[in-house]
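**Student:** All chains should be built: construct the whole structure from the sequences, respecting the hints.
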Amino acid sequence: MAESENIVAETAEKIFADLADAQTINHDKQGAWKAPLWQALTEAGLPLSWVPDDLGGSGASLAEGFSVLNVAGRHAIAVPLAETMLAGWLLTQAKIASPEGEMTVLPASPKDRVTLNAGSSLSGRARGVPFAKDAKHFAVLATGKDGISIALVDAAKCRIESSTGLGGDHNDTVTLDEVQPVTTKPAPKGFDQTTLMLMGGVVRSLQIAGALEAMLDISVRYSNERVAFEKKISKFQAVQHNLARLAGESAAALAAATSAADTIANAKSLDNDAVFLEAAAAKIRCSEAAEKGSGIAHQVHGAIGFTNEHILHRYSLRALAWRDDFGSESYWAVELGKLVAERGADELWPLVASR
Amino acid sequence: MTAALRFDPIRLPEKCEQLRKEVRAFLAEEIAAGTFDPYAPNREDNDAPEFSRRVGAKGWLGMTWPKKYGGQERSFLERYVVTEEMRVANAPTRRFFVADRQSGPVLLKYAPEHIKMDILPRICRGEVCFAIGMSEPNSGSDLFAAKTRATKTDGGYLINGTKIWTSSAHIADYMIAIFRTSPPTKENRRHGLTQFLVKMKQPGIQVNPIGQITGQFEFNEVVFTDYFVPDDHVLGEVDGAWKQATSELAYERSGPERFLETYYVLTELVRAVGKNPDTRSAEGIGRLVAQVHTMRRMSVSVAGMLQAGKEPVVEASIVKDIGTVWEQQLPHRVRDLAAFVEETATNRETLEKQLDFAIKTAPKLTIQGGTTEVLRGIIARGLGLR
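Going down the list, the protein sequences come from chains S and L.
236 is the number of the first residue of the first sequence in the working numbering; add one for each residue after it.
257 is the number of the first residue of the second sequence in the working numbering; add one for each residue after it.
Because the hints were derived from the structure by calculation, they are not lab data.
Where hints are given, some of them may not hold.
To be verified - Lysine to any residue pairs mimicking SDA-like chemistry, simulated, CA-CA at most 20 Å apart:
#1 Lys573/S with Arg591/L
#2 Lys531/L with Lys466/S
#3 Lys466/S with Gly640/L
#4 Lys573/S with Arg589/L
#5 Lys470/S with Glu629/L
#6 Lys277/L with Ser589/S
#7 Lys403/L with Ser438/L
#8 Lys470/S with Thr628/L
#9 Lys531/L with His476/S
#10 Lys372/L with Ser438/L
#11 Lys466/S with Arg642/L
#12 Lys527/S with Glu629/L
#13 Lys609/L with Ala580/S
#14 Lys271/L with Lys527/S
#15 Lys457/L with Asp482/L
#16 Lys573/S with Phe596/L
#17 Lys573/S with Leu586/S
#18 Lys277/L with Lys466/S
#19 Lys271/L with Asn501/S
#20 Lys573/S with Ala601/L
**Tutor:** Next up, the structure:
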């Protein structure tokens, strides 16, 4: 990790440690911690990390932003930091300035479409939009007759059917019925909904990898404290081997996610096989790791980990929920499988070895 | 955080890509000349001494070693490229693989200078084959239970006992083995074993082949009867082999051979399903490709750590644990997906033959070179559980 990435990640780490301690948050049912946390993140320039100075952001590099997201995953942050970063990044693609406050992106699923109508209004429905109810603005990718556009939309002009996702955060359906956006501009050449989904997938992959690191950490700690049959459960070989597998899943997720992030951070264009392989593979492998890893973390914790009072669910359920955003692992596996089949058997190894 | 496992996104440097092209061109020539069949995965049956010499002549053996011993002083990442290209092509590497990966580095570290000058250049030329003498009939994963004795005599040691599951012993010129020079002590049960260089094909050594479930005769029983080893063939500290064994394991455990052993069935599956796979095949292939890509990124990352002079023992154990479990399951997953391949697929017979062989090979993958159970014990220790 480069030094600048370290500094940005450490800044984020400090804010999360001070204002988003999992134990405190877990006991605060009113959400009083949210406002001070968001304010501190905003003061540090983190939500608009990926927006250059002249468009209202703090102009951090992609790599710096990715390192923040990995840290955010380790703290299972329940404010729309990742979503606002992603929204700012999307708006920046079309040189649209980012407003202050919480944002999210739509569509958040590869199957949903928002249409740019003839009169420059937007219509469509996006399901499973993370934190839509908490957002002041949406960054929208819209499909029109003349191609792909990117728009900034006032959240108050959309219909939001709110629901709570698997991880306990807002996961909403947003309906746009001829909504007039604040700004609309054409997307750059080669940028389409797949690009947005790949980027969103890498963001979620980094968060899942972070959550798995945290689950490994608290599971190891718990196994060294909990006594059963007159010894610490960490001394049982069955428990040790489960934790070794959790370490493996955590390592695989981290390797896949950081590799994909590194690829995007250094890519000249996002429209190529290398980016597709790395980003799709990260989402697939991290989602698989989320299932296996959270299962082991819960097994190690026993009944206490199944309680609301314990912090484990903050990580385990979010890691599982994040699998669904921006295309599930099943979706990306089909798309990656199609690409590999299309290229042919003899091109598979060269593709893998090119990374 | 308890476990600061790092898998940084190391990329192979540009010069590796030129090397990769050279290796691919060389292998294509060898295939064209009939040295080996890339579609036949039982490459271990093909003892190819001439191929070994040609690989040596290319400068691809002992690549990372000092030039004075015949090496090239190239990086671990360059060696990585050669290894993975050979493996994916199903090239017959049996003659040189162990010497290049494991035995050479041990000699470099522990052998006296005149032995290094004698043997290492010959390894680099692809002329000598090595075996590793670790397991015994009653000592497998529990290495330190080894009983084969090395009794001090004038100018050396007399060896008596039996090694078993010794790959390539029937063709090997040398073996690096551990023998018991003293009993274990109460304080340290690992004490008392010494590492030796053994010259094979001599009186006093009998090699008995053991048939495997694949139909191959790749490993052996090796019986020593009053076999003499001179003093200068002791490698490292007498009674102290346990200190020498662990740090080198990172090299052995994290390479591409730890997840690519059955890779060929994935390539043939992709060929069999054709350009327009159904949803089920596409999803299955996509997941397997995502998994192998991730494995490789982890493995390259460990190679990068080795190149940087680190000792990533836990990370390497994780790579071997996940990698071998993956390559063991791969033929079964491919079999699931192949169930619906069209009867008309032109490579159907090749795929079926390969699956048959890969499924027979699979059980050994999580046993050889450190069992899954041993690896998870090492990882658990790294996590602070033991």
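**Student:** For each hint, tell me whether it holds in the structure or not.
**Tutor:** Structure-based check of each hint:
no.	hint	verdict
1	Lys573/S with Arg591/L	holds (19 Å)
2	Lys531/L with Lys466/S	violated (57 Å)
3	Lys466/S with Gly640/L	holds (15 Å)
4	Lys573/S with Arg589/L	holds (17 Å)
5	Lys470/S with Glu629/L	holds (15 Å)
6	Lys277/L with Ser589/S	holds (12 Å)
7	Lys403/L with Ser438/L	holds (10 Å)
8	Lys470/S with Thr628/L	holds (18 Å)
9	Lys531/L with His476/S	violated (41 Å)
10	Lys372/L with Ser438/L	violated (27 Å)
11	Lys466/S with Arg642/L	holds (12 Å)
12	Lys527/S with Glu629/L	holds (18 Å)
13	Lys609/L with Ala580/S	holds (17 Å)
14	Lys271/L with Lys527/S	violated (38 Å)
15	Lys457/L with Asp482/L	holds (14 Å)
16	Lys573/S with Phe596/L	holds (16 Å)
17	Lys573/S with Leu586/S	holds (14 Å)
18	Lys277/L with Lys466/S	violated (56 Å)
19	Lys271/L with Asn501/S	holds (19 Å)
20	Lys573/S with Ala601/L	holds (18 Å)
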